[in-house]
Structure formats: structure tokens, C-alpha cells
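There are 2 protein chains.
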Amino acid sequence: MKTYLNCIPCFVQQTLTACRFVTDDESVHESVLRDVLAMLKDIDMHQTPPAMAMRVYRLIRQRTGREDPYQDVKDQTTREVLRLLPDLRRQVRQAADPFTMAVRFAIGGNTIDCGVGHEITLATVGKAFEHALDGPLDGDVGEFQAATRAARSILYVADNAGEIVADRLLIEQLPAGRVTLAVRGRAVLNDATRADAEAAGYDDRIEIIDNGSDAPGTVLQECSDAFRRRFAEADLIIAKGQGNFETLSDAEGNIFFLFKVKCPVISHHTGCPMGHLLVRKNAAAPR
Amino acid sequence: MKTYLNCIPCFVQQTLTACRFVTDDESVHESVLRDVLAMLKDIDMHQTPPAMAMRVYRLIRQRTGREDPYQDVKDQTTREVLRLLPDLRRQVRQAADPFTMAVRFAIGGNTIDCGVGHEITLATVGKAFEHALDGPLDGDVGEFQAATRAARSILYVADNAGEIVADRLLIEQLPAGRVTLAVRGRAVLNDATRADAEAAGYDDRIEIIDNGSDAPGTVLQECSDAFRRRFAEADLIIAKGQGNFETLSDAEGNIFFLFKVKCPVISHHTGCPMGHLLVRKNAAAPR
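Protein chains in written order, with our numbering: chain A, 2 to 288; chain B, 2 to 288.
Just so you know, the hints here were simulated from the structure itself, not pulled from any lab data. The reader is advised that the hints may include incorrect statements.
If several chains are the same, the list does not tell them apart, and a pair holds so long as it fits within one copy or across any two.
When the alpha-carbon atoms are kept at most 30 Å apart in a straight line, the in silico DSSO-like pairs for lysine-lysine are as follows [to be verified]:
#	residue 1	residue 2
1	Lys3	Lys263
2	Lys128	Lys42
3	Lys282	Lys42
4	Lys42	Lys263
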């Protein structure tokens with residue numbers, strides 16, 4: 002997905018929000034903001050929003066020297082979803098349609114996002130799963146479930162810390178031994194890295210790979226050769242979150258996107274109302 | 002008032018909003034947006050927000066060739082407030098404190114602003130005056146009223162079209178023959194010009210001057226010598242709206258600002274909650 006003009010003021014606002022999250026030094030806020038404005042004035046609108054956001058967060062990292070300012074938030078949300086997990090799992094087991102319920106909770110976890118909209122609190126984490134129980138879910142879950150049954154290899158491209166705990170519920174519904182979990186190669190925002198996946202309680206029955214990149218999404222040309230090979234070889238890719246949708250919506254492959262619609266640009270692009278849970282097959286998927 | 006970092010994303014958003022209001026040509030939206038980003042990256046944060054906004058609207062005017070794209074909106078809101086005026090005047094007359102009621106309606110009219118926040122509709126114009134009836138009003142109206150009684154000459158610096166109709170109610174409470182009404186020198190946003198003041202029903206009992214400038218506020222160094230002289234000579238200045246507050250809050254003189262708090266930056270700067278009606282004396286006022 003390309004960057005829309007409406008993304009530009011949002012980038013500027015996110016820059017300020019992120020700078021303030023990372024440091025109280027207003028001179029850093031101002032200098033990063035000016036550099037981001039300079040980048041934005043020449044931005045290639047054909048690149049995806051996360052490709053641009055990656056450059057913003059690199060700048061913040063360079064200026065502050067802080068490698069992973071979101072680590073505390075990530076740890077807190079991980080602990081909170083781990084605390085909720087037994088109850089969520091019980092609800093999946095007791096559901097008339099456990100697969101759909103697991104999809105709902107996996108997408109519900111996608112609310113735990115520091116990139117778009119409001120601040121995360123532990124209270125909003127709990128509410129996200131409550132909303133996922135009966136909130137509107139768009140897309141063909143049956144087609145998605147059939148695709149998971151047909152696939153010999155599934156690459157599950159995770160999004161955020163905390164969310165990745167809830168992803169366990171959906172992965173438990175997938176054919177055992179066929180799933181590889183992919184995380185970011187380096188800390189960016191509250192996106193899940195290998196350490197966050199390990200903290201989320203994945204054990205050695207599932208292979209975890211990282212994509213070698215620090216984009217808050219999957220910018221394939223920024224990813225490692227190893228990741229790209231795994232991506233190309235997978236029968237099915239499950240991509241979580243807006244950032245992965247924005248970066249992979251035009252990619253080749255058999256991809257299902259699972260995310261919550263969290264911004265007006267994505268709502269417009271998908272034709273799906275704000276706040277809806279969405280299961281969406283990529284347009285370029287093979288028949 | 003200086004420009005705050007939080008004003009920057011708002012400038013970018015306002016640029017897009019204004020461009021879309023003026024033309025459907027997306028290439029114009031993009032090109033103006035890039036130029037504004039280039040201006041913002043080097044912005045002098047000590048200038049006021051309207052001084053920056055003036056440059057943005059000049060760019061839009063240059064690119065589109067449209068001198069007054071807000072003329073229709075201005076005419077509509079003028080007609081709407083003229084329609085409401087007899088009833089508002091009756092409420093002022095019947096009020097226990099007609100002066101305060103007139104202040105409330107004059108500030109209520111300040112809701113009619115295309116620069117900040119949501120779009121104006123004729124329904125919101127009516128609601129603005131309803132809210133002004135009993136909404137929270139901060140500031141010392143008694144001190145303001147005493148200042149109007151003591152002044153031999155009053156310069157009433159207007160803000161927006163439509164609003165300027167409601168200003169008549171307050172001007173009717175001021176000592177007759179002492180008030181000069183000042184408007185913008187050129188169309189910018191929905192700010193009132195001489196033509197809008199005339200459409201608002203001011204007759205020749207009140208002198209109307211323009212400030213010679215196209216800023217959505219009163220940037221004194223952009224104003225005509227004639228206006229600056231009148232500004233310096235006035236015993237009392239009544240300045241309506243956020244734009245005039247942002248540009249004149251540090252000016253010398255005996256100034257009372259009357260406006261509705263419409264953005265988080267102004268709320269922070271004044272210590273007054275969003276949505277409140279505010280009467281505020283300038284800090285540099287003589288004792």
C-alpha cells in the first residue's frame with residue numbers, strides 16, 4: 002500500500018509522540034521533528050507508511066541512543082496478556098466455533114499498538130479482548146480456516162508484543178508442526194522481537210525466526226535473505242496488524258491479513274469501518 | 002504567543018484540509034503540502050501560529066488562483082447569524098445581566114471558525130449560541146465591563162465572518178460613538194473582511210477599518226501603518242478569537258481577548274479547559 006497524503010500529518014504527530022515517549026529533552030523533540038519534516042517534504046509516496054516510519058524511528062534511536070525505549074511497555078503488556086491467557090483459552094475451548102474465537106482474540110490483541118491512536122494501558126488491554134468477543138468481524142473466516150488446513154508450511158508474521166501472546170491461541174488451532182513464527186529483527190515501537198516472543202511463552206515446539214529488519218511492518222527489501230526465502234517458500238502467510246498489511250498488501254503469495262482497522266486511511270483503503278476486526282486475503286494471492 | 006511543537010502536526014493537517022476545501026486537484030494538495038513541510042522544517046518557533054498560517058494560505062492562493070474560496074461559507078454563516086440575531090438580541094435585553102449575555106453571544110460566535118477543528122454547518126452555528134448561553138465562562142467580565150466604560154476610544158478587532166454579526170450585540174452594549182471595528186485586509190480562511198462586515202449589517206454609525214494584512218490574526222508587523230497607529234492610539238482593544246490572541250497576547254496596550262478555547266495548545270497556554278468561553282486581559286496591559 003502506498004502512503005496517502007493523510008498519512009503525512011499522522012507521521013508528524015507520531016514523531017512527536019514517540020520522541021516524547023523516549024526522552025523529555027525538548028531540544029531532541031524539535032530537532033527530530035525538523036529532520037522528519039525535511040524527509041517528508043521529499044517523501045516517495047509510493048513507498049509504504051512503515052517504510053517511512055522506519056526512518057523516523059531510526060532517527061529517534063540515533064539522537065537518543067536508546068535501543069528499545071518501549072521495552073517496559075512491552076514487558077507490561079506481555080505480562081498482562083499472559084495473565085489473561087488461561088481465561089481466553091477457556092473461552093476458545095468452550096466456544097461453538099473455537100477457530101473463529103481464536104481468530105477474534107488474535108485480532109483483539111492487535112489493539113496493543115503504540116504506533117496508532119491512543120496510549121496503551123493495562124485496562125485497555127483487557128477491554129480489547131472483550132471487544133473482540135462480539136465486535137464486528139469482516140472477512141471470510143471459513144476460507145481462511147480452509148487455507149490453514151491445506152497448507153503444509155505456514156509463516157505467521159507477528160506484530161506487537163503482548164499481541165503475540167494472544168497469537169498463541171490461534172497458533173494452537175493450526176496444524177501442529179507446520180507453523181514458523183516471524184518477528185522483527187530489531188526493536189521498533191512496541192513491535193515484537195525474538196525476546197518478546199520468548200517472553201510470550203512460545204516453547205521449542207515452534208520455530209521462531211526474525212526478519213532482519215527494523216521496520217514496523219514487513220518491508221521485504223529491508224529483510225534478510227533468509228527471511229525472504231522463508232517468505233517465498235511458505236504455502237501460507239498469516240500477517241498480523243496494520244503495519245504488515247500496509248507493507249505486504251501488494252506482495253505475491255498466499256497471504257491472509259488479520260488486523261483491527263485502527264486509522265481512517267486503512268478504513269478508506271480496505272472499505273472496512275474503523276474498529277472492525279478484519280480477515281483479508283491479499284489481492285495478488287494465487288487462485 | 003510562540004508556536005508550540007504541537008502546532009506543527011496541526012499546520013500539516015490544516016494545510017491538507019484547506020487545500021481540499023479549495024480544489025479537488027490532488028496534485029495541488031501534494032505540491033502545497035510538500036512546500037509547507039519545507040517551510041515548517043525551518044520554521045522560527047518564536048513566530049506566532051497565525052504568522053505561519055498566513056504563509057500557508059498565501060501558498061494555496063498562489064497555486065489555485067482563488068482569492069476567497071471561503072466566500073460561500075462566509076455568506077452562509079452571515080445569513081444564518083443574521084437570521085438568529087433578533088432572538089439573540091431579545092435574550093440579551095431580557096437577561097438579568099445584558100452585558101455578560103452579550104459577551105457570551107459574541108464569544109459563542111467565535112465557534113464559527115474554519116481554521117481549527119471540525120467543519121461548520123448551519124446547525125452547529127445555532128448550537129454555538131445555545132452553548133454560549135450557559136457554557137463555562139472564565140475571566141473577569143466585571144473588570145472588562147469597567148474597562149469599556151472608562152475607554153474613550155475602543156478598537157474592536159473582529160475575527161470571523163458570521164461571528165462578526167454576533168459581535169453587534171456586544172458593540173451595542175459599548176458606549177456609543179467610541180468603537181471602531183477592525184477587520185482583515187484580505188481574505189484568509191473565513192476571517193471577516195470589510196465586505197463581510199458590511200454584509201453583517203453594520204451601518205455608518207460605526208467606523209470600519211481594515212488591518213492591511215492577510216494573516217488569520219493580527220501580525221502587527223504585517224499590518225498597515227494606518228492600522229498600527231489606530232491600534233497604538235486606542236484606549237482599549239477588544240480582540241476576538243484565538244488567532245488574535247495568539248498574535249497579540251504579548252503586545253503592549255490595554256487589550257481584552259474574548260474567545261472560545263478550541264485547541265489543546267491554547268488550553269495549555271491559557272490554563273483554561275477546551276470549550277470554555279474566555280475573557281482574558283493581556284499580560285502586558287498597563288495597570
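Quick rundown of the hints versus the structure:
1. Proximity of Lys3 to Lys263 under the C-alpha cut-off of 30 Å is restricted to the intra-copy arrangement: shortest distance 17 Å within a copy versus 33 Å between copies.
2. In this assembly of identical chains, Lys128 and Lys42 lie within 30 Å of each other by CA distance neither inside one copy nor across copies; the values are 39 Å within and 39 Å between.
3. Proximity of Lys282 to Lys42 under the C-alpha cut-off of 30 Å is found in neither arrangement, the shortest distances being 33 Å within a copy and 40 Å between copies.
4. Taking the shortest alpha-carbon separations for Lys42 and Lys263, both the intra-copy value of 25 Å and the inter-copy value of 28 Å come in at or below 30 Å.
Checked against the numbered hints listed earlier, the structure breaks hints 2 and 3; every other hint is satisfied.
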